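Chemist: Sequence:
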Amino acid sequence: MTPSTTPVVGGGLDAHIAFARRMDRIDGLAHYRARFVGTESGYDPDGPQPNPVAYLDGNSLGRPTLASVERITEFLTGAWATRLIRGWDEEWMELPLKIGDDLGHAALGAAPGQVFVGDSTTVLLYKLARAAVDSRPGRTEIVLDSDNFPTDRYVLEGIAAERGLTLRWLRPDPSGGVTVEQVRRAVGPQTSLVLLSHVAYRSGFLADMRTITQIAHAEGALVLWDLSHSVGSVPVELDLCDVDLAVGCSYKYLNGGPGSPAFGYVRSDLQDVLTQPIQGWMGTKDVFTMGPGYVPATGIRRFMSGTPAVVGMLAMQDTIAMIEEAGMEQLRAKSVALTEFALTLVDAWLAPMGVTVASPREHTHRGGHLTVNHPAMRQVTKTLWEHDVIPDFRAPDGLRIGLSPLSTSFVETYEGVAAIRDVLRGILLGQSGLTAEV
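Our numbering numbers the first residue of the sequence shown as 1373 and each following residue consecutively.
If you're looking for bench data, these hints aren't it; they were derived computationally from the structure. Everything numeric in this text was worked out from a predicted model, so none of it was measured. One or more hints might be untrue.
Computed list of lysine to aspartate or glutamate pairs in EDC-like fashion (alpha-carbon distance at most 16 Å, straight line) [as the list claims (entries may be wrong)]:
(1) 1754 - 1769
(2) 1657 - 1644
(3) 1657 - 1466
(4) 1754 - 1764
(5) 1470 - 1644
The task is simple: from the sequences and hints, build the whole structure.
Modeler: Written as structure tokens, this is what we have:
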């Protein structure tokens, strides 16, 4: 960061808001904010529309885009209403692969033919993890960490029970994440698979994808990366890092909407080697042959199973296009600047009230969100939501501040952290509600 974009340390309220306003003025990505519903973009609805004072949860559910409102409406009244079943032959059958290629190019560093969209993150984790361990017969261990997102842990527990495998647990610092040294000590000749999140869902810790993948490969193991909290906020280079497998959701920084389908990545040389366990008709060599037995397709299509959720895939296309246009390096630079500013405000306003930072302070080790801890954060979050300031809470006492670089402004970040300060102060004084203008 240059001196002009370094957050004010120890400044007063006026200095912090002045900094936020200056950053918004010089932000090369600021114009993207106007493309989202519910911002100060001048969106002209008929009737009440939610417009939060500050939305600090883009790392959990992204805002809808104006383009997606138009796209979905046009689909309902156009492609679906007029083309009906012909749409499958004309476009929809290939949509999971087309969007996969677009996403791979814009945000994953993946060459065409390696990414597809479909199923939930949980289902894709099962399919790819199960395929991975089955491809390593005789190996008895799966390496994973105790602080990963619950679905990742639960799915692997089930696979281990099915296959008679042993789970080798890493125990990372909950304010950090899995380190290279931990992985190096854990993997060995019995390791079949390593499953990790690229960005930790709780702390925001950014793992060393390249080095960890190299360590696993040196022992003959495969690695499956969960990209749910990194895609769209942190540059990802799957091909350059020689990643084997990856999954991720599309409703966070990709703004695909609640429950929009996940994506999967399978490196090209593994596609005809791995056998995925959920054999559905969309993964067959000829979908409409309706043959007596399952014959897998070649390439990435073989990892598909059921009928694509076409409506669920619509909205993410508009954000993928914005990411392609803006560039991941620029998005990452703004993400770092937002989290650095939020950290400055936390240190100035919240730390004196006993709040601790449960995320890495070095931006090179941090994704796009922060977690701050205090015993009152559950109550703080509840009160904030009632006042249209929206972070999220993670037990036992963590409040997450998620800052999406396309849709979040510096002033919004200022207003959100100021509201956290005011509500926490009120709770500590035995009061409730906001005590200052935000």
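Chemist: Assess, step by step, whether the Cα of residue 1470 is no farther than 16 Å from the Cα of residue 1644, and give holds or violated.
Modeler: violated, 20 Å
Chemist: Tell me if the straight-line CA distance from residue 1657 to residue 1644 falls inside 16 Å.
Modeler: Holds: residue 1657 and residue 1644 sit about 12 Å apart, inside 16 Å.
Chemist: So if I understand the rule, the pair passes when the alpha-carbon distance is 16 Å or less; does residue 1657 with residue 1466 pass?
Modeler: holds, 14 Å
Chemist: CA of residue 1754 to CA of residue 1769, is that 16 Å or under?
Modeler: holds, 13 Å
Chemist: Is it true that the CA of residue 1754 sits at most 16 Å from the CA of residue 1764?
Modeler: Satisfied, since the Cα-Cα distance of roughly 9 Å is no more than 16 Å.
When the structure is compared with the earlier hints, a violation turns up for hint 5 alone.
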